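If you want the building blocks of each chain, they are given just below.
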Amino acid sequence: MDGGSLLLLVRAAGVSLLLAVAAVVSGTGLGIALAGLAFSGLAIVRAIYRAWVYVVRGMPVLVLALLVFYALPAMDLQTGPYVAGVLVLAIYVGALFAEVFRGGVLAIPRAQWESAKSLGLPPWAMLSKVVIPLVARYTLAPYVNVCVMTVKASSVLSIIGVWELTFAAREIIERTLAVFTVLGAAGALYFVLCFGIDRTGRWLERRLMARGFVGEPA
Amino acid sequence: MRLTSWFATYGPSYLNGLVGTALTALGASIGAILWGCGLLLVRLAGRRWGSGVVDAYVQVFRNTPVLLPIYLIYFGFPLVGLSWPAVVCGGLALVLQNGAYVSEILRGSFKAIERVQFDAARSLGLSPWNTFRKIVLPQVLVYSLPALGNQVILVLKDTSLLSAIAVTELTMQAKLLTEQTGAAYEAFLVVALLYLALVFGAELAFRTAHRALHWSR
Numbered sequence: 090m091d092g093g094s095l096l097l098l099v100r101a102a103g104v105s106l107l108l109a110v111a112a113v114v115s116g117t118g119l120g121i122a123l124a125g126l127a128f129s130g131l132a133i134v135r136a137i138y139r140a141w142v143y144v145v146r147g148m149p150v151l152v153l154a155l156l157v158f159y160a161l162p163a164m165d166l167q168t169g170p171y172v173a174g175v176l177v178l179a180i181y182v183g184a185l186f187a188e189v190f191r192g193g194v195l196a197i198p199r200a201q202w203e204s205a206k207s208l209g210l211p212p213w214a215m216l217s218k219v220v221i222p223l224v225a226r227y228t229l230a231p232y233v234n235v236c237v238m239t240v241k242a243s244s245v246l247s248i249i250g251v252w253e254l255t256f257a258a259r260e261i262i263e264r265t266l267a268v269f270t271v272l273g274a275a276g277a278l279y280f281v282l283c284f285g286i287d288r289t290g291r292w293l294e295r296r297l298m299a300r301g302f303v304g305e306p307a
Numbered sequence: 612m613r614l615t616s617w618f619a620t621y622g623p624s625y626l627n628g629l630v631g632t633a634l635t636a637l638g639a640s641i642g643a644i645l646w647g648c649g650l651l652l653v654r655l656a657g658r659r660w661g662s663g664v665v666d667a668y669v670q671v672f673r674n675t676p677v678l679l680p681i682y683l684i685y686f687g688f689p690l691v692g693l694s695w696p697a698v699v700c701g702g703l704a705l706v707l708q709n710g711a712y713v714s715e716i717l718r719g720s721f722k723a724i725e726r727v728q729f730d731a732a733r734s735l736g737l738s739p740w741n742t743f744r745k746i747v748l749p750q751v752l753v754y755s756l757p758a759l760g761n762q763v764i765l766v767l768k769d770t771s772l773l774s775a776i777a778v779t780e781l782t783m784q785a786k787l788l789t790e791q792t793g794a795a796y797e798a799f800l801v802v803a804l805l806y807l808a809l810v811f812g813a814e815l816a817f818r819t820a821h822r823a824l825h826w827s828r
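As they're listed, the protein sequences go chains X and P.
The opening residue of the first sequence carries number 90 in the numbering used here; numbering runs sequentially from there.
The opening residue of the second sequence carries number 612 in the numbering used here; numbering runs sequentially from there.
Treat each hint with caution, since some may be false.
[Unchecked claim] Below, a sample of chain X positions facing chain P; criterion: calculated Cβ distance under 7 Å:
{"no.": "1", "residue": "M148"}
{"no.": "2", "residue": "L156"}
{"no.": "3", "residue": "I248"}
{"no.": "4", "residue": "W252"}
{"no.": "5", "residue": "F284"}
Worth flagging that the hints you see were computed from the coordinates, not collected in a lab.
Just so you know, these numbers come straight off a predicted model, no measurement behind them.
Every residue, glycine too, gets a C-beta built ideally from N, C-alpha and C.
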């Protein structure tokens, strides 16, 4: 494999990372909103939450991607492949994040709720001083896991024509027929991204836990 | 279009895809569980380099997307003189990837077995292989059932990626139908529902098996 191809792969890896970052950011927002539904007082809203998560998690990412890519033009929405690609990934990881956050809120020990209430904390302070710090710590490991999954899932977008790492690898293979070296290099780049995210997550976990952490999950 | 005539026209295509997906997922799941057991055996054999190799293998497959081994085998093996059908290439890629996850699941369950059982097995004069086969494996598999069920569902969903190498399965059939009929997203909507049905069926099967097999200790 020549230097030009390798450079192309590195650039494509950058695109994959950007896709994943955009999807994680928007997926986190979606996940928080969805997790809110899970704790609604209305049974019908909770049922909608469960159905949404089940459907999104129950279908392959590729099918979700094909649905979105064909449905957007049918709804007269013209978006580029990157916007549509990020939308697909955000819908997918949004459901995963929602489950992660829901689990985190459920893990808060009863004593924490009761002490927050007995201190007379207003709802917003309860959220920002008790719920969010605890949930952030409880869910960091699964959250990072989903981030790694996002990078891996972004490769699926290559099938529907989004130019990223897997797409670039196939392009170069069609030109050079160097299957093993090109896919090996692409695999190494994915590994660097995913392993890097995983290790950063573990490092963060140690740092967050170190500063006198109280409130072991229930 | 009336439902009956719709089914007469498109039913066979979807049915074909459904069978293709189910059989591929079944084969790849069985392969992945066997391969995961093999990797666990290597770990338990107690050679340090053996565990090291399995660790590296698991890390590599955990941190790369499954499309890469699919392409690697499908496009690469013919170059070294192995011309296998697409479904075998894709299935092998799924086995290699998911076997890594299965071995980690099984390793977690292995820790749940009390040490006393190994003393008991030794005092009965069981060889290490027989201890693995008759004591370790049955317990590990039963403890792992829920997690294995999740993994099987992931395999089921990943079979959709084999449409990228033209294996006859649900997603491929939907792509073909969209091209033939010019319908936009309707085919994928049907296929999404069929995947949900398959996932639901797999969940139900594993829950039933879990209830039937899980003894209380």
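Practice problem: Tell me, in ascending order, the numbers of any earlier hints that this structure violates. | Solution: 4
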